[in-house]
Amino acid sequence: MGEGVIIVGSGPAGVSAAWPLLQAGVAVTMLDADPGGALPAAPEGTMAGLRGNASRWQVQFGADLAGVAGRGALSPKLGMPLARAVLAGFEAGNRIGVDGFVSLGSLAAGGLSHIWGGAAAVYDAADLAGFPFGEAVLAPSYAAVMGRIGVSQVSGFSPPVGRVWAAAGRRPATDGFELEPARNAVLRADRDGRGGCVQCNLCLFGCHRGSIYHSDQELPALLAMPGFSYRRGARVVRVGVDAGRPVVALSGGEVVRGQRVLLACGTLATTGLVMRALGLARLRLLSNPVAAMAFVVPGLVGAGLPERGFSLGQLAFRLGIGGGVRAAGMLFAADGLPLSTFAGQMPVSRPVALRLARALAPALVLANCYLPGGFSDNAVVLEADGVRLVGRTTAAARAGLREAAQRLRRALAGLGAFAIPGSLTLAAPGADAHAAGTLPMGGDGPGGTDLTGAVSGLPGVHVVDGAALPALPARHYTLTIMANADRIARLLAVA
Amino acid sequence: MRHLIVTGGGGYIGGRVVRRALAQGWAVTALSRSRRGVPVGARHVVWGLGEGLPADVGDAQGAAVIHLAHDWGVRAEANAAGTQALLAGCRAAGVGRFVFVSSQSARADAANIYGRVKWGIEQILDRDGEVSARVGLVYGGPVQAMFGLLCKLTGMTPVLPMIDPWRKVQPIHIDEVAEGLLRLAERGGRGWVGLAAAEGVAFGTFLKVLAREFHGRGLMVLPVPVRFALLACDVSARIPFFPTVDRERVLGLAGTRAMACGAHLAALGLEVAPIEVGLRREVGSRRAILAEGRGLLRYVLGAAPGVDLLRRYVRAVGGGGAVARPWGALRVMEAFAGPVLAGRLDLALALAEASPEGERALMAGSRFGRLARLSLGLVVDGVMLPVRVAAAWWRRG
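From first to last, the protein sequence lines are chains A and B.
Just so we're aligned, residue 13 is where the first sequence starts under my numbering, counting upward by one.
Just so we're aligned, residue 33 is where the second sequence starts under my numbering, counting upward by one.
Any given hint could turn out to be false.
As the list claims (entries may be wrong) - Label-pair distances were calculated between CB atoms; the ranges are:
#1 B:Val72 - A:Ser67: 55 to 63 angstroms
#2 B:Val339 - A:Pro433: 34 to 42 angstroms
#3 B:Leu322 - A:Gly398: 41 to 49 angstroms
#4 B:Val72 - A:Gly245: 30 to 38 angstroms
#5 B:Gly350 - A:Ala425: 57 to 65 angstroms
#6 A:Gly398 - B:Ala305: 30 to 38 angstroms
#7 A:Arg221 - B:Leu322: 52 to 60 angstroms
#8 B:Asp160 - A:Gly245: 43 to 51 angstroms
#9 B:Gly301 - A:Arg221: 55 to 63 angstroms
#10 B:Leu54 - A:Pro359: 53 to 61 angstroms
#11 B:Ala305 - A:Gly109: 31 to 39 angstroms
#12 A:Gly109 - B:Gly350: 43 to 51 angstroms
#13 B:Gly350 - A:Arg221: 28 to 36 angstroms
To be verified - If the Cβ cut is set under 10 angstroms, some of the chain A residues that face chain B in the computed set are:
#14 Ala155
#15 Ala156
#16 Met158
#17 Glu192
#18 Leu351
#19 Val360
#20 Leu368
In short, the hints are calculated from the structure, not lab data.
None of the values given here were measured: they were computed from a predicted structure.
Virtual Cβ for every residue (Gly too), placed ideally from N, Cα, C.
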């Protein structure tokens, strides 16, 4: 194989790194671990139409009914057939073991972007505080990535979220609580073969119109670029250096050489490859401690479920929890969720719980709330055969999430949405799917990388995914990972 | 074509052996008093215990014989004499292999007559190719014989008095018995071979598993002394419609001793599944899971589930057997549900919601009507609250 750049992974980071290189005329070979086999087809129609449909069970649980037992405790979407297919085989394929950490990763083409929430947050100066560069450096890359994937601000809300937003417009913002319509990587109008969102509310089952961005969508356009080659089923098991040049070994034993190797297989998999290559014993792993909570808008209890809706984040909030710490999260509607996801948590008999869930569904506002990665205490530990992810929920994280929940409760009560007692759930470390920071840019400890994500000790190997983020503010980080990959690729294209 | 002669070929085990042998390509001749119970495809020759090998049995030279016939009615010695006569006939006709179906209870000093008779017969098989199969506690297949009796008893009452429930029995599924006997018929042998689970299971546990898998209910086994049980046998014989419990069966159980048969099974290449697994092949077990699904779905839905929904429930349960007998009062039972039943209820809830009938049930009526019904449900739950709290406390304690 030639002198081009090898990109490992076809997720948001890998695709974002590919564009600037190809545009600068650098040959790119993308190695994708995708084991083949199609992901479950996204259902057509609307959630309202699916509800009474005889084939609904197939959409919700999969034809093999494997989803009935569900993984729903973390997040409703993780129990869906699409999520199960996207996540399948990740731990085994990357030799990852866990201990108190939920490892979410994907071997599928497009990776986790198939099941992300679409939240597209731009880090501000405060968010970038731990980074070795400022807003201005990242701005062009943010603009390029947003231009490619299409980001829109939510305009049509589900009834309960709409009431909260309307009430917020009438009231002045209270102590450090900011609310704004969420910005999501969702198209409003048809573009590049993707359809605009029609608010079918089937988001969690996969978007059949392609309105919600996932990086797999960009492969056809990349394949049309001269100098791009793509290999499906090429799972990288080792990265190293041979005669001063980076090399990667595939699961079949084949060795692929390139001028540079860009690791973009997701924080967890990338970290494992680098640790094994350098023999690093232990690295810090950042995650966003996260909690979920339910609120009810009383006037909507028992109402009919809306014909249209949108299951991704509708309103984004930020709030201060003291000590200069900012928590953030999203407000969602529940009208697109299976009732069984929350009926099971009610302290009443199941027949009543089911009816109660149905009565509440049109009135619910669900919130998730993240704390900065500094509140996490996780590590990646090198083992004889692979790596182990060790997670721990710190007392500070627990206290911080409780404090944030308390403030959110107060803020939303003022906007007509009242917290359901006992609904606060703290998720296990890793369940946020925001693993980051193991190989930080500008870091001078073991595993530290430079401004281009170059790993010291592995000449020519660059980390371009979440592993390279030096800090993890309480924000959704995918857009920033993409922008950073774009930024690094621009630097490498002219190097 | 291999020729197999089966005595008692219309009986509980015999019928099963004949059907399996036919499927494996044997030519089968069934010897029994009447054609009743003999599977189609087998030749039937009228024969009674006490007669020799009938002349019209066909080509007996080199054939295999599985001897199952046992006469419970006549004096015990008649079984030995009858077997002797059959064996003499077989030897004279040049039969290749003779498999005598004996019992785990076979012993010179067995507590029951059956065990002593079986042991006595084993002693007259003394040539190569003549082997006794000591069969453990057979379950599965038609609800007959000992298995039928135990099915009836475990389905009858939530508390079952039983002698010595800690005694280990070695269960074996009827199909595993049939396969084992056919392998012996093919290979022959000498002495005795054990056909039973290598590891014993307490008889009380066996009964509880049977109650759970077949009737979807818990069972409490109350230990009683043997003497009392024998008295109960006599009484049961006088109560109309109550299954009669034979003294012989009670004594057979009371005298069961552990039988080392792991090496025998290995030599035959025969796998004996645990009873939970074996029972799930049974129609009765499938019926119980259907009843459970219907009950739980109706409970969460408040309406009868359709066939498709019920079928999905059974599929989703997968290999698991029934765990609940839904005879109402689920509102109370739910509070006391352990993790297994709770899991089934969650399953029922998820499947019910995702079905057309679930959507209809949840959408029925006006907003006001739905809220009124919900309030009523919440009130009932409120009344039930002390029970739930007590149940939670009890589970934790």
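Original post:
Quick check: which numbered hints come out false for this structure?
Top reply: 1, 4, 5, 7, 8, 12, 14, 15, 16 and 17
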